[in-house]
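Engineer: If you want the building blocks of each chain, they are given just below.
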Amino acid sequence: MSTAAVLTAKDFANELDIRWCPGCGDYSILKQVQTVLPQIGASIENTVFVSGIGCSSRFPYYMNTYGLHTIHGRATAVASGLKASRPDLDVWIISGDGDSMSIGAGHTIHLLRRNLNVNMLVFNNQIYGLTKGQYSPTSEENKVTKSSPMGSIDHPFNPAALALGADASFVARSMDRDPKHLQEMLKRAYNHKGTSFLEIYQNCNIFNDGAFEIFTEKSSKKMQTLFVEQGKPLIFGENNELGIKLDGFKPVVVNLNEGHSIDELWIHDEKDLSKASILVRMFDNPMLEGDHLPRPFGVFYVNERPTYESAFHNQIASAKGKKAELDALIAGKETWTVA
Amino acid sequence: MSATIEKLSEVVIKFAGDSGDGMQLTGGQFTNAAALYGNDLATFPDYPAEIRAPQGTIPGVSGFQLHFSSNEVYTPGDYCDVLVAMNAAALKANLKNLKKGGIIIANTDGYDTKNLRLANYPDGVNPLEDGSLDGYKVYKIDVTRLTRESLAEVAGLGMKEKDRSKNMFVLGFLYWMYNRNMDFTINFLNEKFGKKPDILEANLRVLKAGYNYGDTTETFMNRYDVPKAKVEAGTYRSIMGNQAVAIGFVAAAQQANLPLFLASYPITPATDILHDLSKYKNFGVETMQCEDEIASICAAIGASYGGHLAITTSSGPGIALKGEAMGLAVMMELPLVVVNIQRGGPSTGLPTKTEQADLLQAIYGRNGECPMIVISCSTPSDCFDVAIEASRLSLEHMTPVMLLSDGYIANGAEPWKFPKAADLPTINVKFKTGLEEGEEKYLPYKRNEKLARAWVLPGTPDMQHRLGGLEKDFLTGAVSYDAENHERMVKVRQAKVDNVADYIPAQKIEVGAEKGKVLVLGWGSTYGSIKSTVLELIAEGHSVSHAHVRYMNPLPKNLGDLIKQFDHVLIPEINNGQFIKIVRDKFLVDAKGYNKIQGTPISKTELKSFIIENYFSK
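Protein chains in written order, with this note's numbering: chain A, 15 to 353; chain B, 3 to 620.
Everything labelled a hint here was simulated from the structure, so no lab data went into it. What you are looking at is a predicted structure, and each value in this text was computed from that prediction instead of being measured. Heads up, a few of these hints could be off.
Once the Cα atoms are required to be at most 27 Å apart in a straight line, the calculated DSSO-like pairs of lysine-lysine come out as [what the hints assert, rightly or not]:
{"#": "1", "chain 1": "A", "residue 1": "Lys-337", "chain 2": "B", "residue 2": "Lys-281"}
{"#": "2", "chain 1": "B", "residue 1": "Lys-419", "chain 2": "A", "residue 2": "Lys-347"}
{"#": "3", "chain 1": "A", "residue 1": "Lys-336", "chain 2": "B", "residue 2": "Lys-198"}
{"#": "4", "chain 1": "A", "residue 1": "Lys-347", "chain 2": "B", "residue 2": "Lys-197"}
{"#": "5", "chain 1": "B", "residue 1": "Lys-588", "chain 2": "B", "residue 2": "Lys-510"}
{"#": "6", "chain 1": "A", "residue 1": "Lys-259", "chain 2": "A", "residue 2": "Lys-246"}
{"#": "7", "chain 1": "A", "residue 1": "Lys-334", "chain 2": "B", "residue 2": "Lys-493"}
{"#": "8", "chain 1": "B", "residue 1": "Lys-422", "chain 2": "B", "residue 2": "Lys-510"}
{"#": "9", "chain 1": "B", "residue 1": "Lys-432", "chain 2": "B", "residue 2": "Lys-448"}
{"#": "10", "chain 1": "B", "residue 1": "Lys-283", "chain 2": "A", "residue 2": "Lys-347"}
{"#": "11", "chain 1": "B", "residue 1": "Lys-283", "chain 2": "A", "residue 2": "Lys-334"}
Derived Cβ-Cβ restraints for the label pairs, each shown as a range [as the list claims (entries may be wrong)]:
{"#": "12", "chain 1": "B", "residue 1": "Tyr-366", "chain 2": "A", "residue 2": "Glu-227", "range": "45 to 55 Å"}
{"#": "13", "chain 1": "A", "residue 1": "Glu-29", "chain 2": "B", "residue 2": "Leu-472", "range": "15 to 25 Å"}
{"#": "14", "chain 1": "B", "residue 1": "Leu-437", "chain 2": "A", "residue 2": "Gly-165", "range": "51 to 61 Å"}
{"#": "15", "chain 1": "A", "residue 1": "Glu-154", "chain 2": "B", "residue 2": "Asp-500", "range": "48 to 58 Å"}
{"#": "16", "chain 1": "A", "residue 1": "Gln-53", "chain 2": "B", "residue 2": "Asn-259", "range": "31 to 41 Å"}
{"#": "17", "chain 1": "B", "residue 1": "Leu-472", "chain 2": "A", "residue 2": "Glu-154", "range": "27 to 37 Å"}
{"#": "18", "chain 1": "B", "residue 1": "Lys-139", "chain 2": "A", "residue 2": "Ala-331", "range": "43 to 53 Å"}
Ideal Cβ placement from N, Cα and C applies to all residues, glycine included.
Using the sequences plus the hints, can you model the full thing?
Structural biologist: Here is the structure:
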């Protein structure tokens with residue numbers, strides 16, 4: 015194979031001029047993907063990026079791999095047919111909050127329940143960028159945009175919770191402004207056998223600048239975010255002094271400096287669906303609520319179950335034991351001869 | 003006294019009853035027995051959209067029409083000789099299509115007060131008793147009672163289960179009436195109910211009871227014989243249009259040496275193709291039932307990109323949803339066959355009724371300048387050849403193709419002298435795996451003499467490229483907003499489809515002279531009606547010819563010249579006039595239309611009288 019030699023990020027990039035707005039969060043995501051692919055041993059010719067429509071969906075053009083820039087909301091469906099028919103390929107789906115949660119939401123949930131072994135990256139910027147600034151299905155309520163001058167009356171989706179509800183076998187969240195974490199999450203997504211749903215908070219500096227600032231800026235990040243790791247207690251805060259414990263099914267914040275012990279804390283278990291369900295529902299709006307939980311990041315849930323394409327081809331393999339003569343098929347069961 | 007046997011050259015039987023009465027199965031059994039016997043035949047099932055419409059009502063009537071003959075048969079027949087009417091509603095719905103003096107076989111149990119009321123007969127009126135059927139031969143049989151009696155000794159079955167086999171009584175009786183051997187149905191029952199001995203026993207008993215009833219009851223003096231047809235020598239099978247589409251694609255994949263991939267969403271009347279292809283996994287056929295119509299065409303596009311013969315099957319409403327994705331396949335210049343089994347529209351329309359009203363949608367119904375090859379099927383067996391031809395054009399010209407069939411031929415059956423696999427046409431597919439001599443760089447949109455671009459599969463080293471729905475540069479395939487490039491690409495996509503005319507057969511005259519007074523020009527499922535009409539008119543000395551178009555876009559190159567050899571062009575269609583618009587547009591001829599939009603095929607009788615009245619009455 016021509017790509018057996020050691021590859022670098024440059025091998026996955028091409029010479030095309032990138033046309034995202036200067037300062038767009040997409041640049042960081044592109045860079046992390048190009049960085050991670052050689053590290054995980056991806057091959058250039060066996061990798062296909064499939065996207066829908068939206069700013070993020072330009073992504074395949076900037077990769078030196080195979081790619082499809084399809085139609086709005088349908089990347090998941092095109093990728094499903096490609097992966098089902100060509101399980102040998104590494105298929106990545108690039109989508110945004112409009113593409114995957116609005117016009118293509120119907121396909122997203124079916125991709126997740128079928129569990130094809132593909133990686134789905136959802137660039138969530140909580141706005142429609144390509145059409146120049148309308149509220150999206152992940153925009154917060156009361157958001158003032160060109161199409162909601164008096165504030166949006168739509169209640170938003172929580173993509174991670176939606177994915178978990180659709181029986182996704184891998185649900186994770188990361189952000190454009192934390193390259194190290196994003197790279198880690200991309201590797202985890204790639205290594206998961208099944209559909210990996212990775213929501214990435216991505217800043218649109220033109221139409222929704224600072225939407226995730228409270229989670230990404232140094233000044234507030236430590237207090238407002240919670241990075242979960244397998245087998246470790248849920249700890250956050252300026253000096254890691256805060257923790258989350260479960261009071262029944264209710265997560266509560268406790269201070270380790272105020273009489274609480276680390277042993278009381280919730281230990282993250284990404285195989286635990288019940289805990290994952292609580293984790294993805296930690297979705298308070300820090301701007302609106304005084305006493306609120308931090309926003310979690312990391313791998314929330316992992317479940318190894320058979321992939322769609324393996325079942326798909328197993329059935330064909332087992333059927334192939336039966337005779338398959340075209341002449342017999344054409345003739346059918348009953349024939350008669352006229353002399 | 004034994005019944006005399008009268009020889010007939012052809013018979014049309016309509017089996018009609020409640021949706022739950024098993025009339026489709028009864029008709030299908032008689033059909034296969036007739037086919038095995040050597041009759042030529044055509045069938046037309048006609049059933050309600052509801053799975054179980056209200057019992058006993060006219061909307062709940064399910065029918066199956068069979069035309070079998072010792073001559074060649076092109077249609078299921080306009081009027082029937084025999085009407086099997088299992089209840090009052092079945093009689094009411096079908097009496098208008100029974101020939102004067104025809105036979106009615108009525109199950110008297112279906113004409114009780116309740117059934118008469120459900121069929122909207124006025125209080126106290128029973129057509130079996132009031133003399134209104136005096137012009138017909140009415141055989142009143144209490145099928146339910148006779149069925150129960152013949153099963154009196156069968157234990158282990160409830161009354162409901164026993165009653166379910168009453169269709170076998172009617173079938174047995176008809177086998178007696180037409181002097182047929184019951185072996186085909188006996189074998190069928192053994193295979194179907196082999197694991198349920200009680201039900202098998204009941205069905206066999208009732209079938210034989212029906213036959214013996216004819217034999218022993220003196221009421222029925224007439225038996226009929228419809229001798230074998232003098233058809234071309236060879237081996238035949240019975241085939242329905244959707245079956246033919248399915249095996250046609252399996253054959254096409256084999257001829258192209260590609261795996262077949264179908265993605266589909268269930269929709270009447272196309273679903274049987276999904277059912278059939280799902281059974282052919284032993285041929286390596288990959289079938290994916292998707293969450294919706296859009297997903298299914300998109301999944302097929304993904305599989306096409308991956309190197310499969312990819313198809314998606316649907317009907318009008320589904321095709322409307324697939325429109326944007328068809329445009330994507332046109333832009334990406336990937337092969338794809340989109341199958342439209344047309345039904346009555348618009349919107350949900352008439353799901354179980356036939357229509358030819360999606361032709362303009364097929365040719366023009368997408369955003370932008372979005373040409374597609376469109377090819378149509380004329381008979382159930384023709385669907386096989388058309389499926390292969392659609393695949394060939396799509397794969398060899400690297401562009402999507404729409405295959406048009408309709409509910410009438412999809413569910414209709416005819417005998418088919420099927421081909422040998424070895425005699426099927428080859429489909430030439432060559433993937434590009436590297437640069438050729440003199441090529442410096444891979445140019446994804448570089449074209450061959452057919453204007454087709456090369457097919458490069460993901461996984462091929464050093465040939466990576468990106469495809470998409472944005473306008474492409476003429477050579478590199480990179481996104482291009484250049485004004486002149488766009489116009490050039492619009493023209494080249496059109497030329498690519500237009501040039502297909504160089505790779506299809508010339509239009510021929512089906513029957514009649516090459517020159518004359520009237521050309522009846524048809525397409526799709528009107529084939530049988532037009533052909534039998536024109537044959538009769540020719541036999542009566544009229545100057546009429548029939549041409550039937552398979553290639554709807556592009557049209558055969560000689561079609562314009564062919565048309566100009568006639569004084570008049572008549573275009574019968576089961577729509578409000580669609581092909582006629584194209585013919586007038588392309589050839590500037592003053593074509594006339596004969597349009598019937600009633601969810602049923604055009605009948606020979608009506609078409610013939612229209613032609614005589616309009617062209618030969620002076």
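Engineer: Hints first: check each against the structure and report whether it holds.
Structural biologist: Status of the hints after comparison with the structure:
1. A:Lys-337 - B:Lys-281: 13 Å, holds
2. B:Lys-419 - A:Lys-347: Distance ~14 Å between Lys-419 of chain B and Lys-347 of chain A Cα, so the pair holds.
3. A:Lys-336 - B:Lys-198: 25 Å, holds
4. A:Lys-347 - B:Lys-197: Given pair Lys-347 of chain A, Lys-197 of chain B holds - Cα atoms ~20 Å apart, limit 27 Å.
5. B:Lys-588 - B:Lys-510: 18 Å, holds
6. A:Lys-259 - A:Lys-246: Judged against 27 Å, a Cα distance of about 12 Å means the pair holds.
7. A:Lys-334 - B:Lys-493: 45 Å, violated
8. B:Lys-422 - B:Lys-510: 25 Å, holds
9. B:Lys-432 - B:Lys-448: Given that 27 Å is the threshold and the Cα spacing comes to 15 Å, the pair holds.
10. B:Lys-283 - A:Lys-347: 17 Å, holds
11. B:Lys-283 - A:Lys-334: Distance ~7 Å between Lys-283 of chain B and Lys-334 of chain A Cα, so the pair holds.
12. B:Tyr-366 - A:Glu-227: 45 to 55 Å: For Tyr-366 of chain B and Glu-227 of chain A the Cβ distance comes to about 50 Å; the hint holds.
13. A:Glu-29 - B:Leu-472: 15 to 25 Å: 18 Å, holds
14. B:Leu-437 - A:Gly-165: 51 to 61 Å: Since the Cβ atoms of Leu-437 of chain B and Gly-165 of chain A sit about 57 Å apart, the hinted range of 51 to 61 Å holds.
15. A:Glu-154 - B:Asp-500: 48 to 58 Å: Holds - the Cβ-Cβ distance for Glu-154 of chain A and Asp-500 of chain B, about 53 Å, lies within 48 to 58 Å.
16. A:Gln-53 - B:Asn-259: 31 to 41 Å: Holds, at about 38 Å.
17. B:Leu-472 - A:Glu-154: 27 to 37 Å: 32 Å, holds
18. B:Lys-139 - A:Ala-331: 43 to 53 Å: 59 Å, violated
Going through the hint list in order, the structure does not satisfy hints 7 and 18.
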